[in-house]
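Knowing the structure of chain A, use the given hints to seat chain B on it.
For the protein sequence lines, the chains are A and B, in the order given. Quick note on numbering: the first sequence equals residues 1 to 340 in the working numbering. Quick note on numbering: the second sequence equals residues 1001 to 1264 in the working numbering.
Worth double-checking, as some hints may not be accurate.
Stated by the list, open to error - Residues on chain B that point at chain A, a partial pick, calculated with CB under 8 angstroms:
#: 1; residue: N1005
#: 2; residue: P1006
#: 3; residue: K1047
#: 4; residue: C1231
#: 5; residue: L1234
#: 6; residue: G1235
#: 7; residue: E1258
#: 8; residue: D1261
Keep in mind that the hints were calculated from the coordinates and are not lab data. C-beta: ideal position from N, C-alpha, C; glycine also.
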Amino acid sequence: MGYILTKEGFDAVVDALKEQYRLYAPVLKKGEGRFTDTDVVRYDFVETAGQIELEKKSDYAFKELLTPLSETLFFFTEDAVKPADADLRPVIVFLRSCDLHAVKRLDQIYLANGKDRDWFYQRIRDCVRFALIGCGRTCADGFCVDMGSNRSTEGYMFSLDEVDGKILSDVKAPELEGLFAEKAERAGDVTPRYVTENSVRVSVPETVPNSIYKAGLWDEYSTRCIGCGRCNFVCPTCTCYTMQDVYYTDNGKVGERRRVASSCMVDGYTDVAGGGQYRKSCGERMRFKVLHKVYDYRRRFGYDMCVGCGRCDAVCPEYISFSACINKLDRAVKEAQSNG
Amino acid sequence: MAEKNPYIPFPSEILEVIRHTRKEYTFRMAFTGEVRPGQFFEVSIPKYGEAPISVSGIGDGFVDLTIRKVGRVTNEVFERYKGQKLMLRGPYGNGFDVSLYEKGEVVVIAGGTGVSPVRGVISALAGTEEPRDKHVIVGFKSPDDMLFRDDLKTWAEKLDLILTVDGAPEGYAGNIGLVTKFIPGLPIRDVAEAQAVVVGPPAMMRFSVMGLLEKGFQEKNIWVSQERKMCCGLGKCGHCRIGEKYVCLDGPVFNYTESKDMID
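This is chain A alone, in the form it adopts within the complex (with noise of 0.2 angstroms):
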């Protein structure tokens, strides 16, 4: 059911929702960015309807709030292991449609790849819930239309678009209908608002033969791409992570199991005990990050990991373009396919 609201009246909704949820959301954080005087949208926990960045996209993704970037995962006392607890209080997320598509992504690797689910990211996710910030205009990187998460019809308790001073809401959860009602200047036909052209296209290559794992298109990345890693950081679908064991005491006897976000962009990756090492060039690594996100994640799973929010794109500070990338890469194929 839709809903027209004041934004007193949306006001109003999140004071209600902010009783059983916590609230997290985009946030405008001023003079924050990487640059002197500039500005980050990140994520946060919000008090007020007010505090949501509803305009720009966020620089960083949600996934934080999943899958943090420094988790403990339990803490040891000799041969005693304690999983640590975690804030299990039900937390809304706002969200953009190319962010709710990367959730299914999440979801896919730490609930559904391999029999055993993931404790730790399970116990989380049970306690979250989305809503939908629609999409009035494309924003500058995205490419979400061509990866198809422009557009989400489901995932989300409610939806909120801001036109002509009002906001819009289409509400899914059947448990809002009654607050939405009360507090709504009128009821109506409200979907959420999306975009159906980016500034940015991709082409997808559909197979990409083996040949191109060798070729030299990856080449140039080896001498631009510094190995940061910050792609990975920004990306909603990127998952990996490595265990960290560290210890307090002089003796020993008392210490913890983290879990931190890791980049197979950064040194050490694919590092085994004994001096091993995978992918040493940067090259190799840009063609690892970017095969998986466009085919090999869909050869497991029947769909590409890419939702097409451009944010590694903004993010790189060598101004490397994951969607030039891409197209790079669907020429070489096809080139590659034409020379039989």
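Here is chain B on its own, set in the frame of chain A:
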């Protein structure tokens, strides 16, 4: 939450420590449950970290883990002795299907610590009805680096064992040379049907498979076991992924028809 937490390790007692070389020991760990050769456990010393270690032996109430002292975790493992404990989770991975190698001609080529995951396979071959059709080429860096010396003696008596070292001091009486040197001379009667298992360092596996293919082995009859960095063993951490495959879930044992297309 009722669901079992797969990340929580269980303490396992060290029943025995068998010393092979200065840097390689086998830890016999208390364990009851189903295990196959080629599978692995995540072994940890809390506060130092976890490392994937393949099963080198399986018996009543125990598994053997042959560990090489090469990293942060394994260095610490070597400080543990009989009666003490290590933390384990697993077993993980597919392991070898030993029944494939019971009948007919088989070649197992293993190098260095690569012998660990196939030790169970070789021992099974030694107990089959036609052990003379089972050929095993085992290579180590030097005579001092040899693992499983007792097994090597038993295997030499029962099946066709070629034991070689990459290099040795003057006066060494055994074979000297890479494992690949001995592939052309293998007395295989029906190469189109013979099975082969190859485990060891990446370069050794690559050249051994090339040697087998040259000799006429069929790709579908060649099996390899891969080793990669792993932080979970559960298909989540991502480190062991190669293309659309996860070594921890889909491997570590792969048929060559699959592994030939796996590009790191």
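Which numbered hints does this structure break?
-> Of the numbered hints, just 7 does not hold.
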